[in-house]
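2 protein chains.
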Amino acid sequence: MKITCNKNELTNALQIVARAVATKPQTPILSGIYLRAEGTTLELQATNYEIGLVARIEADIEEPGELTVGGRYFQEVVRKLPGENVKLACTADEKIVHIESAMAKFTLLSMNAAEFPTIQPLEGNLDFAIKDNILRDLIKKTVFACSTDEARPVFTGCSLEVTENKVTMAATNTHRLSVKSETFDQSIGNIKVIIPSRILQELLHNMSSDIPTDVKISCSYNQISFSFDNLYMTSRLIEGQFPNYRGVIPPDFATHVKTDTAAFAAAVDRISLIARAGVYNTIKLEFADNQIHITSNNPEIGNAEEYIPAEIDGPDIAIAFNAQYIIDVLKNIDSKTCRIGLNQPLSPASIQEEDDDSFVYIVTPVRTNH
Amino acid sequence: MKITCNKNELTNALQIVARAVATKPQTPILSGIYLRAEGTTLELQATNYEIGLVARIEADIEEPGELTVGGRYFQEVVRKLPGENVKLACTADEKIVHIESAMAKFTLLSMNAAEFPTIQPLEGNLDFAIKDNILRDLIKKTVFACSTDEARPVFTGCSLEVTENKVTMAATNTHRLSVKSETFDQSIGNIKVIIPSRILQELLHNMSSDIPTDVKISCSYNQISFSFDNLYMTSRLIEGQFPNYRGVIPPDFATHVKTDTAAFAAAVDRISLIARAGVYNTIKLEFADNQIHITSNNPEIGNAEEYIPAEIDGPDIAIAFNAQYIIDVLKNIDSKTCRIGLNQPLSPASIQEEDDDSFVYIVTPVRTNH
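Same order as they appear, the protein sequences are chains A and B.
Numbered as in the numbering used here, the first sequence ends at 554 without a single skipped number.
Numbered as in the numbering used here, the second sequence ends at 554 without a single skipped number.
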């Protein structure tokens, strides 16, 4: 292999794929990044068996070929190269990668490219495309609600359900649930899978184009892949049955509240300063007289209270929540005003955007003694 | 105590003094910040016995008084307050601090203010003043060379020597030495003390005014204080004898080199990527043919080389250094070009600014087998 490519493009591609390089790889080869030069394309791959990331850049290829090199040093070296371009060269027998840029020359020991578990394009039984801005919104509004407890795998991912022309993503850690759906003009197909939050975070991280582009999704029984721009990302799916969350969403609420999203978020964040040291990070909300009275207390620290104006329709109610569960959803609400739906002090409440029923967040209250 | 002050000013003052609040305080009271309201001034103090930091802001004082409150929560709460102003109130018998800003009200448990070891103005036996930009330069060009090894305390601080009209600051970890001096129009006095690097770092951190202001320095046999703007900082001095470093500075050099500071720094940083995993982080420099050939190698990783242009006057020489010791000094050289002085491969070398002999950096080479 002998190629020349742009340094910044290579740096960016490495930064993307390197996120799949495990710090403690299961086998040594997984600490490597695989490169393949063919035609006018340099392809970079990294995988930790759970997810696989592939990036492609243009390159001037004198001799096609492949190589695998330790991800950490390769990434650091390329990032610090002085020139605009980078030359990479590797001969099969030498076991060395030559890197050249302006007046700097590096050699890095290579790994056996034949050992690298290369990522193959997934042959799915359902293929469809979603605009990246829509997919981003589906992920952003749900993935934060996933559990991090690996003991119960189904809760560590987002449920993706496609039913004809409707795509629904949902996540729950059993104490809160976030559901976002999108409807399309035409039928897409039918699937129901659980996608690990990790690959969804990678997607969020990389879907940043200003111009909406198509993300091609392919699904098999145990794998999913996402293809857009010059990136290809795959992940195993989570086995198991996602709970039937639809029964958790209350059909109606006794008390309807509207309040300013940013003011509510800032006040909850502030008042929860006192609650954070506690086990449940509990804040109390009292809805009455068109105000929300937010309080918290910790006998060892002190207490906090604040009133914010709200539009309240229905009976007064006092209810307590884990402050983090409120902060998390308010960060993902895009409308200036948010809606809160309440029934009883121990019944699940809802938080939603002002005029959009395609996104609903359900949170279970905390029982308090005060 | 009952006062009102500006929220941002209080936040800034807290941010400054909180750096003296130990995360693991020797006694509980040291986790607190002490506040005293008097006249039109609110004074904030924190100390860990080694250093003491005092900041003063203007306040509208309804009732003068003092209080001590846990530093961590107080700082977080004030920073997140919603209003422009903050009201603080505390009654001696209540053991509670009331904090109010716009619609937010907090109470925090207070500590016993009488227990706080308040910082008293130091009565030194030498008082003098230096412009902050000059003091900043003295510190910046030496403090990085201190040792962090607490087993040999004298090397963990900077030597400050005042002899008539000359102020010299020096630091060494025994492998490298950095010395910077300044001459004044008039005599200042005579002292020789070792100042802990910690307080010098605090000074660097806070001396950021664009307009040169006087820093008043007061020295006793075991304490030093710095006073500027609305800040007062004290520190114990390090006991012991700073080594007579003047003998370490070679009187002349056989080979004189001039090179571009930024290009040299970038190349050393880059080439040392390969060396960093080694024990001594060793890079080799070969000075010949008006070029510096920088190389490093690690049998387990690979190797690196780069040529940078230089003006070389004197015999060719190959010499090896701990790359970090070169990177550290180049960061603190302000001139576009730097000078390197060399004798033998195992003799100390010097690195200096282009036309300024008031700053000299001496570094001991590393013995290599290649």
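Just so you know, the hints here were simulated from the structure itself, not pulled from any lab data.
Any given hint could turn out to be false.
When chains are identical, the list treats them as one kind, so a pair holds in a single copy or across two.
Claimed, not checked - In the BS3-like style, the derived pairs of lysine-lysine whose C-alpha atoms are separated by at most 27 Å in a straight line are:
#, residue 1, residue 2
1, K279, K400
2, K350, K400
3, K208, K442
4, K186, K324
5, K279, K520
6, K350, K376
7, K442, K289
8, K264, K442
9, K264, K279
10, K264, K208
11, K289, K520
12, K520, K264
List, from low to high, the hint numbers that the structure doesn't satisfy. As far as the earlier hints go, 1, 3, 4 and 5 are violated by this structure, in ascending order.
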